[in-house]
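K.L.:
So you can see what is in the structure, the chains are spelled out below.
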Amino acid sequence: MTLLDAEGLRTVYGDGCDRCLDATGDRAGTNQCPHCGSVVACAEADLTVRAGEVLGIVGESGSGKSSLAEQLALERDPDAETDGVVRYAGHEGNLLDVDYETRHDLRTGDIALVHQHIRDGLNPEFTGGGNVAEKLLSAGWRSFEDVRARVRELFEATEIPVDRMDDPTSTYSGGMQRRVQIARALANDPELVVLDEPTTGLDVSVQARVLDMFRRVQREKGVAAVVVSHDLGVVRLLADRTLVMRHGRVVESGLTDRVMEDPHHEYTQTLINSVI
Amino acid sequence: MTDERTADDPVASTDGGTTVPTDSVDAVLDSLDGDGLSGYNYAYLDEHTKREVRRATLKAVAVPGHQVPYASRPMPLARGWGTGGIQASLSLLGPDETFKVVDQGADESVNAANIRRLAENTADVETTTDTTEAGVVQTRHRIPEEVLTDEQILVLQVPITDPLRKVDSSDAANRRRHAHKNYGKMWVHLYENVVEWGEINIASRYPTMVAERYLMDPSPIPRWDVPKLDDAENLYVFAAGREARIYAVPPHTDVEPLAFEDREFTVERFPDAACHACGSTDTYLVEVSEESESPQTTREEGGGEAADSSFETRYACNDSSFCEKRREDSDIPKDHHLDREGVDWGPGTPDNEEASSGGAGE
Amino acid sequence: MGYVAVTAGEELIERAEELFEKQRTAGDGEDVAVEQIDEQLGRLTSQAMSEAGLYAPRLAALAVKQAQGDTVEAAFLLRAYRSTLERYDETEPIAPSEMVASRRVSPAFKDVPGGQILGPTKDYTQRLLDFDLLEGDAEDPTEEWDIEDAGDPEDLTNVMELLREEGLVAEPDEAGVEEPTDTTREPVTHPPERDAVLQELARGETGAVTALAYSALRGYGQVHPTLAEVRIGELPVRIEHPYTGDEVTVAHAEVSESEAVVPVYAKREDPQFAFGYGLTFGRNERKAIGMTILDASIQLDGEDEPAENPEFVLDTVDGMDSFGFIEHLKLPHYVTFQSILDRIRAIRERKGLNEDGRVSTEADDEDSERDSDDRTPAAEPPVAEVSDDD
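Sequences listed follow chains C, Y and S, in order. Mapping to full-length UniProt numbering: the first sequence position 242 is 242, numbers consecutive. Mapping to full-length UniProt numbering: the second sequence position 1 is 1, numbers consecutive. Mapping to full-length UniProt numbering: the third sequence position 55 is 55, numbers consecutive.
Treat the hints loosely; a few may be bogus.
Distance condition first, Cα-Cα at most 20 Å in a straight line; then the derived SDA-like pairs of lysine to any residue [stated by the list, open to error]: (1) 325(Y) - 83(C); (2) 221(C) - 109(C); (3) 185(Y) - 121(C); (4) 22(S) - 11(S); (5) 185(Y) - 143(C); (6) 185(Y) - 201(Y); (7) 166(Y) - 185(S); (8) 351(S) - 193(Y); (9) 185(Y) - 141(C); (10) 166(Y) - 343(S); (11) 330(S) - 288(Y); (12) 185(Y) - 168(C); (13) 185(Y) - 204(C); (14) 185(Y) - 13(C); (15) 351(S) - 201(Y); (16) 166(Y) - 312(S); (17) 351(S) - 264(Y); (18) 59(Y) - 185(S); (19) 181(Y) - 168(C); (20) 166(Y) - 337(S); (21) 325(Y) - 335(Y); (22) 185(Y) - 231(C); (23) 185(Y) - 109(C); (24) 330(S) - 108(Y); (25) 325(Y) - 277(Y); (26) 351(S) - 192(Y); (27) 185(Y) - 115(C); (28) 166(Y) - 11(S); (29) 181(Y) - 115(C); (30) 185(Y) - 254(C).
Source of the hints: derived by calculation from the structure; they are not laboratory data.
Next comes chain C alone, as it looks inside the complex (with noise of 0.2 Å):
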């Protein structure tokens, strides 16, 4: 079954032009508009996720991924010019032309991000629980000891030590804080988590460990997933398919093995043989 549907994905920073679109992109060797000098961050970018799939999409910095994985997750950039339409299971029309009411709800029950950038995603003066309880309570959850429970549980299922759940946040490890980001992700069982680099800022050793534990948990509770990373490995771990971008276009894409084994696009054959 098909869970999200995206087509002609764009995001511009700048006037932009009439020629943006076309001076731009893999064959211009570039996401920057040499006539107006907008930037193209992403376009003409088409995407289906399907229920409990993980998608992955791969680039060096700047080739729109992220740009990309922002308009799936609902954010709104106001410094940039968006268009594009995304189709949701279960919701009537566009969802990027919600109003911020079912946008907030959306965000809050069925989509969920997890932004590169902890500071982003977490408040560091609340306790781990509380970060995590959050969205609990926007969801409208008003008993306490419920929403203990579910924090507990949440806490449990990421593997962070449940005696530390009433710490602040600021004095857990990078490691736990991308782990609770991941719990607040999860708490309102959505159907669809976006993870925007999901092992920035960690040692090698605990990206594994939080890469290991977001499969399994993704797994079990069938979730979708849509993991935008510049590491071939990572997207190698966990992605059925995957897309790859470069200069804001999405040049090749297919199942993961597929693309890995077999790489159509000059571009994904250099990516992969620089890992190697």
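Here the structure of chain C is known, so what remains is to put chains Y and S in place on it, guided by the hints.
P.N.:
Same frame as chain C, but now just chains Y and S:
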């Protein structure tokens, strides 16, 4: 006392020879001569201002709990001393009105007297200390013990208008939260409170949901008074001078203090205490340490403390005008002036036993 | 009625007022005339007028006298009075270039068109108490000056205009509205437009404006301006004649003005100075310069530095607001304090603390058992971890 305050007023003897190019200043100085308030408009504020305050009040009534900005004028009282309340009151008062002012439950408090004096001098109103006789009651930090009716307006002085200020100091961010009824952060605050203290540690200014839409700061009334806001007969007007906002709870509006189902809102407890003057046990009491008149130690456990032994804690009704009535007739209920009985008016009145028991079921 | 902490009727208030007035009149000196304050304590009345937002030197002198020299209280008296006055008309906008300056310095350049005019200032004198003033024989030290009539004052070209013509200074965005807002009639909402910011700063409390501006210089910000102009002079006050429709000058107002460039470039491709502007009633250079720094800081619209955050600055800069709210703490607060006592007692009870502040052993056991599953043992305060968790 001083009927002729102006007799030796140096201004009166100032003659007009100045370097100021017009004589308007002298005219102004002349108009200041007199009993101090001649030359001022009825009810101090000009009609245009009063109309604007009334418009803001009407808007506040139309959108219960929503903070309506208005152009708060500088008043002859310091900001933070009831300038919002007095602007709201003066814009509502007419010469036939009866006005009562209470500060911390007392009509006799200096600041209440000062505000009452301003209204008397400028708006020519009758004043009273009897809650049941007043048309408009201006109050700081209390809602009276006697039930208010649909013919009365309670004007509450407000120091801090936004309950979300507790969790975020930015008004811009908080206005967005109100617009979208996004109160998650306040709920986390309550959650963290219970985590840290075992119960909600908010004394007064208790965050309160109005008509299931806007979170409201009910002004620093004690929690004791919060249940009186719910489904009341009277209009509540909340006015802040310094912060230039007016908001309201119209009659028969749902008002609910934020709390968890299993960590309930509780009011202040006065275990085993009664007013030493009238004997009431169903009113908001305040404690006073007084020098003990009896030589014996008043504390059972504190025998070792010499300093304590000469003081004793006594409780007294905070609402001094109701206390006076109770002293004459200790049995009169809070709805004695109504033709109905058993009116729900917060702790100590029917249907509110749960809140007044003060326990969260532990 | 001994149980009300502060009890007083109107009589008591009047007596307190009379005692206050007695403090002024009790001495042996003669009563200070309002003219004397106006003429001899100009900086005091300037400050009161500036913070009141009301240009009325004689009334300001009266207010200063009545407030026994407290400028904020004096400004408060003026504001309260102004709020009751009918507003008959609004003045026409005046270009600061029309100023007849009695003093003008431009620290940015050694020499400037129109010249540096030192004018009356104590800037370069030694701050020594002048015991001659004890004698009280006023003498005009310039009486003996021998100066020829210098003719009409020269037009001063604004140094900022020169820099602007060269394209070195960023132009502010065109105001989105035709009429400037009036923050005495319309409350400021955040984020504020620049016209509201300037009005609020112009009425700001001198000490607060100075302190906040100083914070930006002191390291809590990035504005270290170069002053292009500091001027004191008179500006005409003009209104439209109700019958002829012509602009007519009805009065003059003395103001202090300051303008500065700030070497912060907004755009990399077209580097231009940021700038700040300050103007305030009366002689008050310190406040005008402080306002300039705050205007420049707020235009940077930062969030991390206090002076760059418009909400922070505007919320704290008004003397009337801070005066009132700080002093309101003297009002009785026993209702709320009773409520606070209730909370702390309940929580101490819950934690099993007895009146001596010690944990009673029995209650402690009970408590820790009950809490063990939902509270951190937290034997030690949490410390930030350096290494990673797992």
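K.L.:
Do the alpha carbons of residue 351(S) and residue 201(Y) lie within 20 Å of each other, as the hint requires?
P.N.:
holds, 13 Å
K.L.:
Does residue 185(S) sit within 20 Å of residue 59(Y), going by the straight-line distance between their CA atoms?
P.N.:
holds, 17 Å
K.L.:
Has the given pair, residue 185(Y) with residue 13(C), been kept, meaning a C-alpha gap of at most 20 Å?
P.N.:
Status violated; Cα separation ~32 Å.
K.L.:
Can the restraint linking residue 185(Y) and residue 201(Y) be considered satisfied, given a maximum Cα separation of 20 Å?
P.N.:
holds, 16 Å
K.L.:
Taking 20 Å as the top limit, are the C-alpha atoms of residue 185(Y) and residue 204(C) close enough?
P.N.:
With Cα atoms ~34 Å apart, residue 185(Y) and residue 204(C) exceed 20 Å; violated.
K.L.:
Take a quick look at whether residue 351(S) and residue 264(Y) sit within 20 Å of each other, Cα to Cα.
P.N.:
holds, 19 Å
K.L.:
With the threshold set at 20 Å, check whether the alpha-carbon distance from residue 185(Y) to residue 115(C) stays at or below it.
P.N.:
holds, 19 Å
K.L.:
For the pair we were handed, residue 185(Y) and residue 141(C), check the Cα-Cα distance against 20 Å.
P.N.:
It holds: about 13 Å lies between the C-alpha atoms, which stays within 20 Å.
K.L.:
For a C-alpha distance cap of 20 Å, please report whether residue 185(Y) and residue 109(C) respect it.
P.N.:
holds, 17 Å
K.L.:
Could you grab the alpha-carbon distance between residue 330(S) and residue 108(Y) and see if it respects the 20 Å cut-off?
P.N.:
OK: residue 330(S) and residue 108(Y) at ~16 Å, within 20 Å.
K.L.:
Has the given pair, residue 166(Y) with residue 11(S), been kept, meaning a C-alpha gap of at most 20 Å?
P.N.:
violated, 39 Å
K.L.:
Between the alpha carbons of residue 325(Y) and residue 335(Y), is the straight-line distance 20 Å or under?
P.N.:
holds, 13 Å
Checked against the numbered hints above, the structure violates hints 1, 7, 13, 14, 19, 22, 28, 29, 30; every other hint is satisfied.
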